[in-house]
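**Q** For the protein sequence lines, the chains are A and B, in the order given.
Quick note on numbering: the first sequence equals residues 1 to 260 in UniProt numbering.
Quick note on numbering: the second sequence equals residues 1 to 323 in UniProt numbering.
Since the hints were derived computationally from the structure, they do not count as laboratory data.
Heads up, a few of these hints could be off.
Claimed, not checked - Cβ pair distances, simulated, as ranges:
id, chain 1, residue 1, chain 2, residue 2, range
1, B, 25, A, 85, 18 to 28 Å
2, B, 149, A, 234, 20 to 30 Å
3, A, 202, B, 143, 46 to 56 Å
4, A, 249, B, 76, 39 to 49 Å
5, B, 78, A, 25, 40 to 50 Å
6, A, 85, B, 39, 53 to 63 Å
7, A, 7, B, 167, 17 to 27 Å
8, B, 149, A, 7, 31 to 41 Å
Said to hold, decoys possible - Counterexamples of contact, computed for chain B against chain A with all Cβ distances above 10 Å:
id, residue
9, 63
10, 102
11, 104
12, 113
13, 118
14, 150
15, 215
16, 225
17, 257
18, 288
Glycine is no exception: its CB is placed at the ideal position from the N, C-alpha and C atoms.
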Amino acid sequence: MNRVVRAARLVGVVWYLQLRMFAVSAFEALMQLIWPMIFATSAFLIFRVNGDRELLIFAGLGASAMGIWSAMATAASNLLQEERWSGTLELLVAAPAPLALVLAPVALAMATMGLLSMVVTLLWARFAFGISIPVADISGFLVSILVTIAAMAMLGFLLSVSVIRYRTSWALGNALEFPGWLLGGFFVPLAILPDWVKPLSYVFAPTWGLAGMRDAAAGRSPWLQCAICVALGVAYGVIGLLLSKRLLTSARRNATLSLT
Amino acid sequence: MTSTVEVTDLCRSFKTSTGLLWRSHRTTEAVRDLSFSVERGELFGLLGPNGAGKTTTIKMLITLLLPTSGVARVLGIDVARDPQAVRSRIGYVFGGERGLYERLSAADNLRYFAELYGVSPRSQRTRIAELLELVDLSGREKERVEGFSRGMRQRLHIARGLLHDPEVLFLDEPTIGIDPVGARQLRELVVRLREAGKTILLTTHYMLEADLLCDRIAVIDKGQLLALGTPTELKSSVDIGQVIEVETFGLPQTAIDRIETLDGVRTVTASVRGHLQLLVVQGHPGAEVTGSVLAAVDDQVVHRVLTREPTLEDAYVALVGGS
Ligand SMILES: Nc1ncnc2c1ncn2[C@@H]1O[C@H](COP(=O)(O)OP(=O)(O)OP(=O)(O)O)[C@@H](O)[C@H]1O
Ligand SMILES: [Mg+2]
């Protein structure tokens, strides 16, 4: 019990301090907040002309999720690379706390920023463009947003674990940015993707989360999609956890914790 | 009774590759068959030139690197087998500007690591205040580390390393790049820590510092142990007699060559000091060379002469230079 409380406290404090670091850096804040807004704005502008309600929801939500994904995919891997540069990665590893307990709240902090930017985007759409996304099932919609962002955070966690071992894998996060847009069906319907890509998009949790959001907005039931999204997110987390131990040992063998 | 740090036949090699198209792989043997032990409460120095393998040795001891072969135990625990058990009982501080969260305040940096080291929430506040006081940063704790000077960062680093009150401390060049007054304060702090019963393993390039602080010293080069003993033992182990320092101006190379061939002279090194030239002549033990050295130098150009007993630096140069 005591250990659980300890772990929860650790996660809480690291999450809080990480948010503080984000808040200090104007660049990071910009990346995480403004980026999704720009995406969504262009989407609203393009699709407003059309006047199709369903399409507006599709585009607006997709664009916003797309921005969050971009910020998350790149930030998760770059963050750890930064820690390597500043020498703190070694200190994190040298500490007795399990590394997964340090990385998870970092990803969580990014998810928090993602959530914030989603809210800002929706408000922005409402007050700057007079577009209110009509949501039929509010609670289903909110749950879908939460699980999408949580699943993205878990994916960020998985990415950051790999950065510990592979010095160059921060580039992986950047490389995943654009494929993620397509895979998740953020902006183009999944139906138009070639068949061989579809299995990939089915194991990409945000696909399901976003589908849940759209269904909830349109008044259909989002719960199955949410459940799949959660299951995938949990799977990412478990894989990350299992990998973190092995990759850490491997990093100690291959001397990849520091720069030299 | 086991030693606090016990290193037996420790080896570590690194594979590095160079070139883009024709990748050539090389193996660097950073630490080779190193053995030594540090006793409880001891302040142990690890000396050696750049690239000798000091940092690599420390990183194996603090569980950041796995040994290629050999065994290292800290507090009786094998660092390769049970890293987690070692981590909570040791502290690590390295010199330089890195290793802090620039965008957090000093206090938040300490909070972060207090949490990572499982310092109980109840005692965190007092512990952090205590440490800030100890390293003379009280009153600046709310400022962001970005704005800290080198010395301040180094002191914050030390506070971080002490958060969980570790039994063993590893200090890798803690005084590097710090002004003389700051370095002295830091040394005083290290002495106080030893008096408080901590076992400390320290690396440094400042011989005076090592001489002043260390109970015992290991000199390593190219990953291998060259000598091990108290500073006094090291000084007497290398066969240096008297050392004569002569400050001159414009001494010709021929004169230096002549001195080298004198009876009883072991080594001669010449270096430039501003507009002066400093000649350090080491004699063989028991030899009286002052007279003959001065005779070999035209006394028109002699500025100052000093005769002294060999220092740790002399011993170090003799050990490392001769290997
Ligand atoms: N991660 C690494 N990859 C490849 N080679 C490495 C790595 N770390 C250290 N080395 C090599 O191992 C050798 C020992 O390095 P180490 O950093 O231990 O020396 P040191 O005694 O601490 O030197 P200094 O006084 O300069 O700090 C050097 O030749 C160095 O280039
Ligand atoms: Mg070093």
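**Q** So, for every hint listed, does it hold in this structure?
**A** Here is what the structure says about each hint:
1. 25/B <-> 85/A: 18 to 28 Å: holds (25 Å)
2. 149/B <-> 234/A: 20 to 30 Å: violated (47 Å)
3. 202/A <-> 143/B: 46 to 56 Å: holds (50 Å)
4. 249/A <-> 76/B: 39 to 49 Å: violated (22 Å)
5. 78/B <-> 25/A: 40 to 50 Å: The hinted range 40 to 50 Å holds for residue 78/B and residue 25/A, with Cβ atoms some 41 Å apart.
6. 85/A <-> 39/B: 53 to 63 Å: Since residue 85/A and residue 39/B have Cβ atoms about 37 Å apart, the given range 53 to 63 Å is violated.
7. 7/A <-> 167/B: 17 to 27 Å: Holds, at about 25 Å.
8. 149/B <-> 7/A: 31 to 41 Å: holds (36 Å)
9. 63: violated (7 Å)
10. 102: Incorrect as stated: the minimum Cβ-Cβ distance to chain A is 7 Å, not above 10 Å.
11. 104: Residue 104/B not clear of chain A: closest Cβ-Cβ about 6 Å, inside 10 Å.
12. 113: violated (7 Å)
13. 118: Given a closest Cβ separation of 6 Å, the condition is violated.
14. 150: holds (14 Å)
15. 215: The assertion about residue 215/B holds, with a minimum of 25 Å to chain A.
16. 225: holds (22 Å)
17. 257: holds (41 Å)
18. 288: Check passes; 48 Å lies beyond 10 Å.
In the structure shown, a violation is registered for the earlier hints numbered 2, 4, 6, 9, 10, 11, 12, 13, in ascending order.
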